[in-house]
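**Student:** Chains A and B are the protein sequences, given in the same order. Numbering of the first sequence is given in my numbering, commencing with residue 1 and proceeding in unit increments. Numbering of the second sequence is given in my numbering, commencing with residue 1 and proceeding in unit increments.
It is possible that part of the hints are untrue.
Output of the computed footprint for chain B on chain A, the stretches with three or more beta carbons under 8 Å from beta carbons of chain B [as the list claims (entries may be wrong)]:
{"id": "1", "region": "112-124"}
{"id": "2", "region": "205-219"}
{"id": "3", "region": "230-237"}
{"id": "4", "region": "280-288"}
{"id": "5", "region": "384-398"}
Some but not every residue of chain B turned toward chain A, in silico, with C-beta under 7 Å [claimed, not checked]:
{"id": "6", "residue": "110"}
{"id": "7", "residue": "272"}
{"id": "8", "residue": "273"}
{"id": "9", "residue": "274"}
{"id": "10", "residue": "279"}
{"id": "11", "residue": "280"}
{"id": "12", "residue": "281"}
{"id": "13", "residue": "361"}
{"id": "14", "residue": "364"}
If you're looking for bench data, these hints aren't it; they were derived computationally from the structure. For each residue, glycine too, the CB sits at the ideal point set by N, CA and C.
2 protein chains.
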Amino acid sequence: MPDTGILDRLRAAVDANFEAETAFLADLVRFPSLRGREAPLQDWFARAMAARGYQVDRFTLAEVPLEAHEKAAPMVGVDPAGSVQVVATRRARGAGGRSLIIQGHIDVVPEGPAEMWTHPPYAGVVRDGWLYGRGANDMKAGVAAMVFAMDALRDAGLTPAGDIHLQTVTEEESTGNGALSTLLRGYRADACLIPEPTGGTITRAHTGTLWFRLRVRGVPVHVAVADTGTNAILSVMHLIRALQEHTAALNERAKEDPSFSAVRNPIKFNPGIIRGGDWASSTPAWCEVDCRIGLTPSMEVAEVMRGVERAVEAARAGDAFLANNPPKITWHGFQADGYVLEPGSEAERVLAGAHRAAFGAEMEERLSTAVNDTRYYGRYYAMPALCYGPGGEGNHGFDERTNLELLRKTTLSMAAFIADWCGVEGA
Amino acid sequence: MPDTGILDRLRAAVDANFEAETAFLADLVRFPSLRGREAPLQDWFARAMAARGYQVDRFTLAEVPLEAHEKAAPMVGVDPAGSVQVVATRRARGAGGRSLIIQGHIDVVPEGPAEMWTHPPYAGVVRDGWLYGRGANDMKAGVAAMVFAMDALRDAGLTPAGDIHLQTVTEEESTGNGALSTLLRGYRADACLIPEPTGGTITRAHTGTLWFRLRVRGVPVHVAVADTGTNAILSVMHLIRALQEHTAALNERAKEDPSFSAVRNPIKFNPGIIRGGDWASSTPAWCEVDCRIGLTPSMEVAEVMRGVERAVEAARAGDAFLANNPPKITWHGFQADGYVLEPGSEAERVLAGAHRAAFGAEMEERLSTAVNDTRYYGRYYAMPALCYGPGGEGNHGFDERTNLELLRKTTLSMAAFIADWCGVEGA
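Isolated chain A, as found in the complex (with noise of 0.2 Å):
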């Protein structure tokens, strides 16, 4: 924990920053940064950074050698040439201090019916001390609070003594690569803290998540001997409640899980898009359903894959349609791990410290049965790797919106948390 003086100085320096962090988050929730589509938030971001003084590698996944590493994700139908990463780095004088990353992801997933939003998910809209958008509290609340974390230092004029690089990322809702390229283009450091909106709590564990295409084609039986189970539409039913029962024995077998096994059904399948056919009078021959499920972290990716092709083809044989035409089955996207934060690191008890000082109370922790970009940092390059941030409602639903006093508050426990694990200057 800071001692109370720098704490005092940190926080001054928060709530006379926090219009301006506001303003900045407002900002960032008004880019449309879907997936593809987030380059221009980076640009600026880049330049907002460049503006602060910081050293900035603006660099994009076709830039690194994503396929050559075992946990790269495939992506389809987006251009890695433009998916823009930033990572923003200020390094200290020396190098004694302890190093940290910290890193947020800028992409937002897509709003859904615009009418189906009380204000307009790409406006910023502030009321009654909570900021409404998409990607509001998932998670660009995080990212403002890691920028304005760091100018509280710097406006309580205190340097941090180990390297800080602020990194934000694309990929995170759909493959990962984003955070993964950013180790592969050689950034390490001695904790990493992802300041997603866990409303003040830490993450102990988080479920790892695989998407897959099921794509269902063929010539159906004609609409005149028809009478069911013979259009691809209902094939595509008939999957999807096979994978039901698919997804019931896997949280079976989540019982047994170290970090789940209090968790009722951990694993979560969930189909999120469909479409099939093209006129109501025709039999549809083709439909496709991008599906995500879950794992627990004591499950191992390849073989819930496998485990889902043999569902797949399991339910073959009850459908006449399907008897004929073998559906397809791509992995379009996550192929992530779980991930579990072993309690007991310094990195941990130092944020503990810094949360108990800011919010006057101990942190607590959750388990999560969404991913996300942890894995990268603790699972594959071994560093304490802490998923704390802000909190909010409505992540990929409607009304999406992040609690300015949250935010305020875990600014300041984000700036407690830097000044702690990095040693300060000037203090």
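Given chain A's structure and the hints, the job is docking chain B onto it.
**Tutor:** Okay, now just chain B, sitting in the frame of chain A:
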């Protein structure tokens, strides 16, 4: 049956023109006359008929008072002002002979994925006695037949003694408003022939068709607490299952229909287009499915519509998402009655004689579980409406093709029918 001399002269003319007829059909197929995009074909057809000396009336659906007719169907997403109809009239010298309308639709249904076609769908390729393409059989072959049946009379030196209207219409595959518009425009005759691809059979009865769009939209249960039944795609699956059960009940009732009692399950329910969600990892908050359901000629359209609405409403109770988010039903196309061609008409007797003369075999009858335009002429405007024409396969599917030898023979039987029904001068 025409006398042998006339039949021989017609046969010689049909044969002499058959290469041109095949080329004409290929030209028709090369127009991708999908719904809303039929106008270029109609313009071309109008010019072709004017060049043959017909008096041509070209008008759009915006020029007739469709909305005033109870049997008009809603058009969604299509501009009536772009939906062009053509009536090409050859008036007899006197008004003594029996008049005749021959009508064909030139709209086609979407072709689906191009790679599933052996020959390109809009190329008009001829192979081994078949002409391939979307609409080649359904029903541009019939349109070619009606034009070249009339050409055969002309080249045989025979002038019909009754007025003839050759009509090409749109919207047969979606509403029927094209056929209705010719009646609202004022065209009437003593009989109507629609040369749908019946393979040289007469259609004794056809079922009706309804189109509806089910739209599910609402705030889903959060993915963190979602197991099953809480996403819009799964809810649409639930509604489809309910409508399958409803269809089974309708097919029980269909056993009482005088025309279709011997047909197993004449009521077909088809979910034809589905679309929903926008992200594999977001719980989908909306899903739409475009459906088609049939009815027997003895069922009332309004009653079947209410039945579908009740089935959907009843299904809400069993679904967590739908209980809070009522699905919306849009009746967005067909509201078509079935039709029975009562046996014994003079028109059918004359057609049977022409068929016998051309084919050397009796004209058989069929029952159709798909709708066609005859209902307007026969059921609402009290003229005998004969559905009889060439034949092939692949309607609404892949590798649609029409049989050229059947086209040649049907062109002859249609020419003979015109000669016998209207009478001819120059015999």
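**Student:** Any hints this thing doesn't respect? Which numbers, in order?
**Tutor:** 13 and 14
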